[in-house]
Each structure stands twice: as structure tokens, then as C-alpha cells.
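J.: Residue numbers (our numbering), protein chains in the order written: chain A, 1 to 304; chain B, 305 to 646.
Keep in mind that the hints were calculated from the coordinates and are not lab data.
Cβ coordinates follow ideal geometry from the N, Cα and C atoms, glycine included.
One or more hints might be untrue.
Said to hold, decoys possible - Covered stretches of chain B, as calculated for chain A (at least 3 residues, CB under 8 Å):
1. 326–340
2. 438–452
3. 521–529
4. 611–617
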Amino acid sequence: MRNSNQHNNSIAISLVRPKSIFWNNLGKNWYKFSRNKLSIVGLVIVTGIIISAIFAPWITPYPEHAGPFIDFNNAGQPPSLQHLCGTDTIGRDIFSRIIFAYHGALIMAFVVLLLAAPLGVFLGLIAGYLRNTWINTVIMRIVDIFIGIPSLILALAIAAMLEPNLMNSMIAISFGWWSWYTRLVYGMASSIRNEYFVIAADLTGASKFHILFREILPNCLSTVFTKMALDIGWVILIGASLSFVGLGEQPPTPALGQMVSDGAGYMPTLWWISIFPSLAIVLIILGFNLMGDGIRDMFEAGRE
Amino acid sequence: MKFGSFLLKRLLLSIFVILGLSILIFIIARVVPGDPARMTLGPRAPEEVVQRLRQEMYLDKPLPEQYFYWIRGALSGDFGYSLVTYRKVSEDIKEYLPATIELCTFTGIQMVIFAILFGTLAAQYKDTWVDNLIRALSYFGIAIPAFVVAIFFMLLFGYHWPILPVLGRLSSGISYPTKITGLLTLDSLIQGNFVVFWDALKHLLLPSVALSLAYLFQEARFTRSSMVENMHKDFLFAERGYGIPERVIMFKYLLKPSLIPTVSMMGLDFSSSFANAFLVEMIFNWPGISRYAISAMMSKDLSVISAVIIVLGAVFVFMNVIVDIIVIFLDPRIRLSTSRGI
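The shape of chain A in the complex, shown without the other chains (with noise of 0.2 Å):
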């Protein structure tokens, strides 16, 4: 009996769940991503912008320039063939520190979704399918609470109250963030749940976990990628404003919001100290944005 339940079970499965929605239709997938033209400048961005962050080391012209590296005779150095965005107030080369405040960021992009969004996901489908239980209602208050004040004022409070590190900020902004994740997630799993295969996998006594994580969670998956890559750009954004209010990484790793607030005194005359990193804050969030909605155009394309 229990054999021919998970028999029945797979093939209903096999029938419904949509397979890899990725790696199936590359070709096709491609076609609607670059469409819109935009999407691909947003990848060519961000492409060179990993590439240069991981071989930060060795592609930067003064790579020790990202540490505890002081040289007054060159501080204050326009922009100029040997230092491209010019030289900050002790002599460190911009356009080098750049490039190193690039890797953080992305590693705090990368980080704080990771740990956003499986956590958001799990409690979002566990209360879109235990609808009408206690569990949902406390998921989804908690939920309403989080969503209840702006992220970045979150984010700044948390920070403020731990002591100001990169590890730190990003513990911050994952702090609150999970949520949006669980409502998303929530209301696409209560409606998930009444479809017919759902039902079928449940008659034929398929466990919760199953129900869970191989019929609801495989069909959520497409919005959930969608919006982490719709993401990416906000928590850049909110992780140098961040370090430019002195909460994020500390000197003299460079980030890029604390490199802004920098220069912000020395404005008139040496513009290039914060325009230039204002500039690296502006490129990376655009390509971040640019390939989010060639992501999405690709994820979506049949709904418009």
C-alpha cells in the first residue's frame, strides 16, 4: 500500500513540478533576457565589476593602497594618467580603493541575501501553508512588524547599537530583511496549496515536508530569484549608506560610502575624493538594477 502511494506520488510529481526552470531553456531564456538591450549593459556592468573585485589584488595599480598606506608627498593629487581617480588627503590612490570597496560590497550583497532569503522563504511557506493556524498569525504579525518601519532606519539602529564593522552591518540589514521574503513567499504559497497537484500529492500521503519543498517551494522559486536579483542594487545602496554615516567597514578598508563622506570636506577643492566614489556607488547599483530587470523580464516574460 505504502509502495504504491510513493508510485503514484512520483508520477503525479513528475507530471506537475516544472523542472529546472533555468537550465532547460538557456536559449530561450537568453532571447528574453536580452531583449531589452538595457539587461545587457547591466550584465556587461556587473560582470566587470566582479571580475575587477576578485582580482582586485593583482589588476589594481597600487593594490597596497586598500590597507594602512600613507604617503604625504602624493596626497591630493588630481586625477591624472598615473592615478586615474586621483590620490586622497594621505596619498592612497581612489580609483584602487575603488576597486577593493567593490569587493565588499558585493560580499555584503551576497551575504545578507543568503541569509535573508532561505530564512524568509522557510517561514513564508510555512505560514502560507499552515493557513489558519496559530503558527501563521504569529509568522505573519512578526512579519508586520519588521515591514513596519523602512529598512534603512532598521538597519541604522541595529548597527548603531553593535559595535560598527562590516560583519556587523551586514547583520543589520539581514535583520529585517528576511521579511519581505516571507510575504512574498506567504502569499504565493496560500494560493499554491489549494492547486490540484498539491491536492493530489497530499491524498496519495505525500509528508508535509515533501508538500513543502518539492510541490510548493520548486514553484515559488522563479519570483523568489527574481527578487533577490532585484535586491542586490537596494542592499548595496543601503550598505554604503552605512558605511557612509560611519557604520559599515572601518578605515582604512575602504568602503565605498565611507571613501564619499571622506571627502565631503574637502569638496570645492578636491572634488575627486568623494565624486569619484559617489560615481563607483552610482555604476554598481544601475548595473545591479539593469540586469534585475533583464532577470525578471526572463522569469516573467509570459505574464505581461
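Position chain B against the provided structure of chain A, taking the given hints into account.
T.: This is chain B only, laid out in the frame that chain A set:
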């Protein structure tokens, strides 16, 4: 009746959210390492004095009891003393909050006017250069943080093209008007002091534009796509059939229902502009609550941080209720039980 019960439900939910937030903030503030009593008195204060303050602050009681005393104080407007200014936190907030409210209100007014204007233009001239320009600006608007805009404004208007003031709320020669609301533009208008009004308005311009730019074009895009979506609805065909002029159709029949998603978004944006004001105020030397909070954050002044978060959380929640009410007025069909999705 239905509206009343909906409003009541929303208000109850708001109170619940603020209470939850206060518990959250309180727990974090107590969990982080460091003894609040010791931090208040400094490292060289004798142990028995610290002990006494600890008792006064109920720090020797269990956590739930501590929370009870803290929230009782907070409800009557008593958030304790600031470590930085040595004054009552509530007095500091009363002094600094109006400047931020003024800044964010101006940001909000700009958002409403220009987002709707640009959105309507983009929808009317769909797929022309107007539409494309607004689309391009919206991409940049999302990607440029408010503090970066502020830095560029500083460079541009502070030094290269000094036509607008970039620091503070008033020029140095002009004295503050008598405080009524704390909003300089409003106070000076009430007192009929147009010199101060004009000066305050000029000082407001750059910070508020820096703040609103990030939101504005995104909202314009929202308005545009919602209008484009509604353009082919049957009710518009009917109205064209009646011979109603195109301009009236555009603003009266098309714009109004299309504004619903924009309004929801504007509410969220308005509240989150209070967070971005943190950074913009730093650059423009604006004496608002954000600057006060940042200095508290730097010195780990936990009672100030908690108080500011609660106040801003309350603003945010309150705004959401107002947005819900506006949305109901815009869309009478709206089903009250499922008022807003996200």
C-alpha cells in the same frame, strides 16, 4: 460603518506594530554588551553611584519588568536622558523633529506634484522622447542614493554656481521667527514675515530636491504604467463615445483610478524619506532629528536611538493608515477587507 470598522482595524494593527517594534528595540538595546548605567556616568564614577543609578533605571529588575517601566515612561513621553546632550530625550526630539518634518513634507509635496505631472506626460506621449527621457531618469533615480545627489548639489550649487544656500535652515543674518509649530516656513507665514519665509524656502530647496529625486521618477513610472494599462479600459471608450473632451478624460477619468498604486508607493516613500534624511541632513548641516540620532549612534546613546526609532516607526505606521484612507477615497470599489496587497 464599514469604513469605521476598517479604520478601527487598521489603527489596532498600527498600535500592535508599534508595540512590537518597541519590544524588539528594547530587547536589542538590553542584549548588546555594555552597562547603560556605567555608560551614563562614565568609566571613572564610583561603583556605588553606578549601583544606585542602576536601581533608579530599574536595571536590577528582570527584563519584562524593565520593559514595563520603559514603555510606561515612553507612553508619557519620557525616554530618559541623552548621554550626548545631557538633556531629556523628549525635549531634544521636540526641538529637532520639526526641522526634519519640514524637510520631509517639502519632499513629499514635490513627489506628489512632479511624479503625477511627469507620469501623466509620459503616458500621454507614450513611446516618444518624453517617455524615454523619464524612463532613463527613473533608472538613474533608483541607482543614485540621496546622499550622492546631495554631494553633487554641494559641489554644483555650493561652489561652482552659488545661487542657492547649501547649509542650515536660515542665512546667518536672519533671526528665527517665534516658535509656533517649529516649521520655519509655516511660522513665518503665520507671522507675516516674508523675508524669513523666502529665506527658509530657499534653504529647503536643495535638501528636499536631493531627497525627492530618488523617489520621484520611480513614482512617475508607476503612474505612467498604470495609466497606460487603464487606457484601453471600456469605461474610457464609453466616455469618448459621449464626446467628452480628451483633456477631461485624461485628468478626470483616467488619472484618478490610475493614481492608486502611486499613492500607496508615495506613502511608503514619504516615510522612508525620513530615513534618507539621516544622510542628507548630515551633508547640508540641517539641524534635524537625523543629525541628532547620528551623533547618538556614534556614542552608543541607546535611549536616544530607541526613542528615535519608535518615533519614526510611529510616523511610518501613521502614514500607512493615511495612505489607506486616501486609496479608499480614490477607489470606491475597493474591497475593504483586502485593502492593500503589499
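J.: The region 611–617 of chain B covered by chain A? Criterion: 3 or more residues, Cβ-Cβ distance below 8 Å.
T.: holds (count 4)
J.: Test coverage of the region 438–452 of chain B by chain A using CB-CB distances below 8 Å; three residues minimum.
T.: Holds: 8 residues of the region 438–452 of chain B have a Cβ under 8 Å from chain A.
J.: According to a criterion of three or more residues whose C-beta lies within less than 8 Å of a C-beta of chain A, is the region 521–529 of chain B covered?
T.: As far as the region 521–529 of chain B goes, the hint is violated, because 0 residues have Cβ atoms under 8 Å from chain A.
J.: Does the region 326–340 of chain B contain three or more residues whose Cβ lies closer than 8 Å to a Cβ of chain A?
T.: Since three or more residues must qualify, the claim that chain A covers the region 326–340 of chain B holds, with 5 doing so at under 8 Å.
Checked against the numbered hints listed earlier, the structure breaks hint 3 alone; every other hint is satisfied.
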